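Participant: Chains as they are written, first to last, in the numbering used here: chain A, 191 to 420; chain B, 72 to 350; chain C, 41 to 346.
There's no promise every hint is true.
[What the hints assert, rightly or not] Here are a few chain A residues that face chain B, going by a calculated C-beta distance under 10 Å: (1) Q246; (2) E264; (3) R265; (4) D293.
Quick caveat, the hints were computed from the structure, so don't treat them as lab data.
Since we're looking at a predicted model, the values are computed, not measured.
Beta carbons: idealized from backbone N, C-alpha and C, even for Gly.
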Amino acid sequence: MKKITLALLVLTGALFPQNKDPEIILKRLMEKFNYVKDYQVDVKIKIDIDYIQAPQTKAKIYFKQPDKIHIESERLALLPKDGLNFSPSAVLQKKYTSIYEKDDVIGGHKVSIIKIIPLGEGNVILTTLYVDTKENLIRKLETTTKSKGTFSIDLNYKDGSEYSLPSEMIFSFNIDKLNIPSALSGEVEAESEQKTEERNKPVSGKVYIYYYNYKINQGIPDKIFNNSSK
Amino acid sequence: MISLINIEIYKIFKKWRTYISFVAIGVLVPIIHIAMLIEGEHSIEYMTRNLKQSFIFVGNLLNGFLISYLILNSLVVHIPFLIALVAGDLLAGEATAGTYRILITRPVSRFKITFSKFIAGIFYTNLLILFLAVMSLGLGILIFGTGELIVVRNSGIVIFAREDVFWRFVTAYLFASLSMSVVAALAFLFSSLVENAIGPIVSTMAIIIIFLIISAINVQFFQSIKPYLFTTYMNSWRLFFDNPMNLKEISESILILLGHVALFFGAAFHIFNKKDILS
Amino acid sequence: METEKVIEVNGLSKKFKEVAAVNNLYLNVYKGDVFGFLGPNGAGKSTTIRMLLSLITPNQGQIRIFGKSLKENRINILRNVGAIVESPDFYGYLSAYKNLEIIGKISGKEISRKRIMEVLELVGLHKRYKSKVKTYSHGMKQRLGIAQALLHNPDLIILDEPTTGLDPQGMKEIRDLIIHLSKQEQKTIFLSSHILYEVELVANRMIIINKGTTMIEGEVKNLLNALDLKVTFEVDDPLKAKSLIGEKAWISKLDSIIDNKMIFNLKTDDIPLLNKYFVENQVNIRAVIPRRSLEEYFLNITESAG
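With the hints as constraints, model all of the structure from the sequences given.
Facilitator: Listed below in structure tokens is the structure:
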């Protein structure tokens, strides 16, 4: 599958010669992001997912370069696994090929669309980055995975912020079969065929995360990341 | 009448069999708590493994509320037995003991005798459910603390904020009291028919188990009978854990259960009123 | 002045399945009576008593107590009736005192501690009032049964086999109690018993029933005098005695001779006459034993009815 995608893209590239170097764009992206050594931020999480209802909750997220993340919440918080770490290095960790596709405009911002194809084995098949080359920020990210379908992350930033840390993230996803267990709460009820079908339907939804109170580069000890998120 | 009810309550609590129920709950609930202390995290891990493929759960999932919810779910089979144990003895026990003769030769109507016994049985039922609530919720919160409650409903997963949980449990337990009152009324009805408490206890449990089995069989015919079985509505306490709550369905369930209570009591009184006391 | 009827039973019938337990029964109990209610086993005595106490519903007939219909005035009537029905049962897990207290409360009357102890003392249980009834012997339960019947000082007391399981001393105490209640406290007593000797000693009126129907009803002394008695004359020489009465009317009264016992069917007044005859004719009499008992009478009646 990957090889076919790669071949098609190369072909596209050959037919429509690139006029921007994706590596340069990515490098500038990384440089800006690397101003952030660590941060802690308060978040509000809102969930809008088929078959899942949850109240708005608050949490605290800690991040330390290159990829340490720790989450704390007094209440039950549901956060998407993928996309919590939206730093470019998370996307560009492994060996990859990047292809500039074209320019576009999203949310009033001019962006360059760059395709990242990881080389070697892995769950991610393709990632598409929508990079604001003026501000050197990722405005949007779309990832196609083997096991979990496609998800996309829309990132909004406060105007004039010197760091590439978003004020809002909208995580949209589509899971083929979210197997909701019936025995979670020990219910003893007949499962009709219809209900079993529903349970294994594709599930789509959005998670909205609002970031505020960033504390950037204030030093976060490693031991915080040793505790499992709670 | 109050005096008669008090006497009947006094008689209930003077019998050792009454305490079987309280001891059973007093032992079973802590055992569940201990089991959850040891295995709880494991079980939660297992139960949420699919969700955890896509989501990170942060927070105290294993809390007093979840455990209380689990315990409420177990209401289905063993609490009715504990109710029938006492309710089935209310009338039949007098026959066994031969005390109908001193009771019915008193200057008091058979209605007052039946009604006071019935109310005493309902009182016992409600007290037992209250005890269950205190043991499971109270002790559960003490040991495991509070937190959000994650509930799997037919509509999917619902997570309730902790402030939104306690009142639901209160209403759910009140509803459970009503459900168990139906069981008590049924056992009371059987008790009016016979002279030995074993019959009513076994018959009540048999009816409940048969109805539950019928409801569980996925055959069109049985599913069409299901709305007419009172056991179908006994678990409607779960409706309080919906968001939004289906008030219409809840009201219907309440009315149906109340109707059953009235019907069973009415039948029991009719039988008892006409009964020739030969014991 | 006509004595007030306390119990009036008219045409009372009760069937269980197809068997008539009580069949068109009539009886009357007057104020102040100690009324003996007699019949063999299965005659319908218990069924009748249960109907009097509204434990069983009659198929036909009327019961009036204190001049009121039982069906329409049950509660008012029962306020003034105390009863034991067969062997009394109590709440074994409670003490005697507690049982009586509860019985009082059920009746809608708070019975004072004083009264409870009074009746317990009357039946000789005041020393065991705290003991759980399940520890009581049968006789003690019987006494407690009587105590509960007397608890609220009723005018009518219905006693179904009150001396069952009691020793002779106990039986005598109950008899004395019945006489006391009747004579000193002017209670009306309806007494059912198999021990006919007991009934004879205390009852002034009686009924004998069989197969649910009245055989005979009336004053005890009148009923007893209506029939011949079996009188045994124990003599030294029965042959001589027999030949002596051979030509006399006495011979027709001779029932049988067993060893030196000659058994005659006599009226009460005949006994001294025959005795005098034997003595005047030098027949030595060792003993004169009248089998003057209701038992004989009772056996006669019930045997003749088949």
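Participant: Checking hints one by one. Is E264 (chain A) an interface residue toward chain B, by the C-beta closer than 10 Å rule?
Facilitator: Status holds, d = 7 Å.
Participant: Holds or violated: is the Cβ of R265 (chain A) closer than 10 Å to a Cβ in chain B?
Facilitator: holds, 5 Å
Participant: For the hint on D293 (chain A), just tell me whether its beta-carbon gets within less than 10 Å of chain B.
Facilitator: With a minimum Cβ separation of about 32 Å from chain B (threshold 10 Å), the hint on D293 (chain A) is violated.
Participant: Double-check Q246 (chain A) for me: the hint is only fine if its C-beta lies closer than 10 Å to a C-beta in chain B.
Facilitator: holds, 8 Å
In summary, the one numbered hint that this structure violates is 4.
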